[in-house]
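J.: So the sequence lines, in the order shown, correspond to chains A and B.
Using the numbering used here, you'd call the opening residue of the first sequence number 648 and step up by one each time.
Using the numbering used here, you'd call the opening residue of the second sequence number 17 and step up by one each time.
Hints in this document: simulated from the structure, not taken from any laboratory.
One or more hints might be untrue.
[Stated by the list, open to error] Heads up, simulated SDA-like pairs for lysine to any residue below, C-alpha to C-alpha not over 25 Å straight-line:
#, chain 1, residue 1, chain 2, residue 2
1, A, 821, B, 44
2, A, 1159, A, 1037
3, A, 1087, A, 1156
4, B, 71, A, 865
5, A, 866, B, 23
6, A, 866, B, 79
7, B, 71, A, 861
8, A, 1087, A, 1115
9, B, 71, A, 726
10, A, 821, B, 107
11, B, 71, B, 58
12, A, 1159, A, 709
13, B, 71, A, 883
14, A, 866, B, 78
15, A, 821, B, 117
16, A, 866, A, 714
17, A, 866, B, 44
18, A, 821, B, 79
19, B, 43, A, 901
20, A, 821, B, 73
21, A, 821, A, 692
[As the list claims (entries may be wrong)] Which chain A residues stay away from chain B? Per the calculated CB distances, all over 12 Å, these:
#, residue
22, 695
23, 711
24, 1049
25, 1054
Glycine residues also receive a C-beta, built at the ideal position from the N, C-alpha and C atoms.
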Amino acid sequence: MMLLSLTPWIPAGLDLRMFAPELALIATIVAVLVVPLVLGRSGRTAAFISLIGALATFLLTWRAVAGQVVERGYAGLSPDPQATMLVADNFSVFFKLFLSAFLALIIGLWLLRPANGRGAAGVHGGSAGPEFFVLLLSSALGMALMVGTLNLLVMVIAIEMASLPSYALVGSDKRSRPGAEASLKYVLFGAATSSIMVYGLSLIYGAFGTLDIAGIAGKLAGQSVSLGWVPAIGFFALCVGIAFKISAVPFHFWCPDVFEGAPIEVTTWLSVASKAAGLGLLLRIVYALSTAVGGAAWLTPFAWGIGLVAAVTCTVGNLAALRQDSVKRMLAYSSIAHAGYMMMAAAIFTQAGQGQFMSIGLAAVIAYLMVYFVMNLGAFGVTALVSWRTGTDHISAFTGLGRRAPALALPMAVCLFSLIGLPPLGGFAAKWWLLLALGKAAIAAQPWLWGLVIVAVINTAISLYYYVRVIRQMYLCEDERQSAVPAPLGGVVLVNVCAVALLLLGTLLIDKLGNYSTYYASNLLVTQPTAPATATVEPSAEPVVMAPVNESK
Amino acid sequence: MLTIGLTHYLILAAFMFCCGLYVMTIKRNAVGILIGVELILNAASLNLVAFSRYKTGLLDGQIVALFVIVLAAAEAAIAIAIFVNYYNNLATIDVDRGDSLNG
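The following block holds chain A by itself, in its conformation from the complex:
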């Protein structure tokens, strides 16, 4: 960081263009705050403005930035060209597309909420004020920044920017007692872990004299034997903060309570977007460090640690999901388990000269995230539609849904089968690639990764039980007292589109999914912002990379 130079630093216009999506999100936040002053406070107006903003962000990323990233190679924004602060590479472009598409769908889900469901007694009261959307958009901005940076300070600020609005979102229904309790637990856990993370940041700064990951990696490249005490504690403390975002064991306690107490749109948002951003951050740090250091001895315990946490996370998530009667809570534990599966890819560390395994792992996680996006949206969407109508998300509300609302039960079943990972659905393809990536790395370099493959397979078998339990309740249990479940047309269309998309992702679009994920995992910015393909870019064994001509979702 060149903070002592006296001439002010002004970024070039072309560089700023690369960050048009973030700027669009900021503009939307301002618009949502200002427009109610003119048009009057209305949740629906704010929702439509945010929807337009989210779609604009998506289009800007897709049309303006994605092409530029390919054309110009890397782009980084910082006063010092050697130490990039904001990054626009394929990986961050993917996350911006992912987040803005999901943001638009979440706002869509909010718009579908029936008027009598808003503020009704119980768990499902929502907030109708424009503040809800300000908070939602700013957490989206924080998540987009989390994945798009190579500076630890910006990472911490981005994590806080994503977390602070989320705390408030969880408690956005002020009359809801579970909501108040959930937000209290969330804010206390979040504040505690983030303070530890900031302390770790200060130790890392002391040990390396810089907060830039490229700079840290450069200094680490000389140390192949041991890491030293202070940076080790620093990295550990940093991982605490990231583990909280991913809800990895043992920092997962907040997750089920928060997911149960929050309004269901917020639950859906946090279960996918927040975890995806945390995983992206973890993968970027791991990738940058292991590429620069390449097979140092001290990386092995680090990789073991991540692998162990991933294995424990998905086991604990699955075992705890077994005894849940609330479908929302069951899906919360299932999201912990899925975060565990995805975290396994972060345990693939490059040995010297084997960067391609890391790329395959990244591609597998990106494919998994795309599929997870669709199946979680579908499952939470059906749960939302059922619970808005019946007033509860207890599993008994799903009894006989196959007869009462076939248009909801079928997509729910498809999404749950996909969450298990059964062919021919998208969930199978995603899990298969993940295991394949682990297996390839296990054969080549790290035999202990087979352990993770075994854990993942056993966990899939465990998860079968609780997902199928819901399906059984929907199709095999009959309860004559319960009436039909009418649902808004938009909601029915949304969940059915999710189900069809899952079917396509597992069959016809499977090649496309593979190509896109390989593409977005390529050309990760690691050290030099302006240099073209450095040693880190390895053509992987996957099919040929294609330009993103259309969107795969």
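We have chain A already, so just place chain B on it with the hints.
T.: Coordinates of chain B only, in the frame set by chain A:
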């Protein structure tokens, strides 16, 4: 005569960190936990300023410390708003009383 150096600051910061961790684990009052969090954040700020003064000689550590102060303020603002909301619903800020979601 004793000259105060980097080590002294680091030990003080580590002590503050441990105090913060202790307060966070022992307190059942939400405001108490928040005070523990603030202690840890201040320990981090002290570390940053000390490292910046004695080790790197650059200003960036001190600027990071400014960011940490702002983060602490933002976090406290959100946290206290949530405490008030919790108090309105449960008439207490004892975290153990919130047991309707059994986690």
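J.: Evaluate each hint against the coordinates.
T.: Consistency of the hints with the structure:
1. Proximity of residue 821 of chain A to residue 44 of chain B is assessed by CA-CA distance (about 23 Å); at most 25 Å being required, the pair is judged to hold.
2. A distance of roughly 39 Å separates the Cα atoms of residue 1159 of chain A and residue 1037 of chain A; the hinted pair therefore is violated under the 25 Å criterion.
3. Taken as a hint, the residue 1087 of chain A and residue 1156 of chain A pair is honoured in the structure, with Cα atoms around 24 Å apart against an allowance of 25 Å.
4. A threshold of 25 Å between alpha carbons decides the hint, and for residue 71 of chain B with residue 865 of chain A the separation of about 18 Å falls inside it, so the pair holds.
5. With a CA separation close to 22 Å, the supplied pair residue 866 of chain A and residue 23 of chain B stays within the 25 Å bound.
6. Proposed proximity of residue 866 of chain A and residue 79 of chain B is supported: the alpha carbons are some 22 Å apart, at most 25 Å.
7. Between residue 71 of chain B and residue 861 of chain A, the direct Cα distance comes to roughly 20 Å. Compliance with the 25 Å bound is thereby established for this hinted pair.
8. At roughly 31 Å between alpha-carbon atoms, residue 1087 of chain A and residue 1115 of chain A are farther apart than 25 Å, so this suggested pair is violated.
9. Between residue 71 of chain B and residue 726 of chain A the alpha-carbon distance is near 22 Å, which keeps this suggested pair within the 25 Å criterion.
10. Between the alpha carbons of residue 821 of chain A and residue 107 of chain B the distance comes to roughly 14 Å, so the proposed pair stays at or under 25 Å and holds.
11. As the CA atoms of residue 71 of chain B and residue 58 of chain B are separated by approximately 19 Å, the hinted pair is consistent with the 25 Å bound.
12. Between the alpha carbons of residue 1159 of chain A and residue 709 of chain A the distance comes to roughly 17 Å, so the proposed pair stays at or under 25 Å and holds.
13. Our distance criterion of 25 Å between C-alpha atoms is met by residue 71 of chain B and residue 883 of chain A, whose separation comes to about 22 Å.
14. A distance of roughly 22 Å separates the Cα atoms of residue 866 of chain A and residue 78 of chain B; the hinted pair therefore holds under the 25 Å criterion.
15. Taking the CA atoms of residue 821 of chain A and residue 117 of chain B, the gap is near 16 Å; set against the 25 Å cutoff, the hint holds.
16. Straight-line distance between C-alpha atoms of residue 866 of chain A and residue 714 of chain A comes to about 33 Å, which puts the hinted pair past the 25 Å bound.
17. Restraint check: the Cα-Cα separation between residue 866 of chain A and residue 44 of chain B comes to about 43 Å, which exceeds 25 Å; the hinted pair is violated.
18. At most 25 Å may separate the alpha-carbon atoms for a hinted pair to count; residue 821 of chain A and residue 79 of chain B exceed this at roughly 37 Å.
19. Our distance criterion of 25 Å between C-alpha atoms is met by residue 43 of chain B and residue 901 of chain A, whose separation comes to about 18 Å.
20. Restraint check for residue 821 of chain A and residue 73 of chain B: not satisfied, since their Cα atoms lie roughly 48 Å apart, outside the 25 Å limit.
21. A hinted pair counts as satisfied when its Cα atoms are at most 25 Å apart, and residue 821 of chain A with residue 692 of chain A qualifies at roughly 21 Å.
22. The beta carbon of residue 695 of chain A is kept farther than 12 Å from every beta carbon of chain B, the shortest such distance being approximately 27 Å.
23. The non-interface label for residue 711 of chain A is consistent with chain B: the shortest C-beta to C-beta separation is roughly 30 Å, beyond 12 Å.
24. With a cut of 12 Å on Cβ distances, residue 1049 of chain A stays outside the contact zone with chain B, its closest approach being about 30 Å.
25. Remark: the non-interface label on residue 1054 of chain A is consistent with the geometry, its nearest Cβ contact in chain B lying 31 Å away (cut-off 12 Å).
Checked against the numbered hints given earlier, this structure breaks hints 2, 8, 16, 17, 18 and 20; the rest are met.
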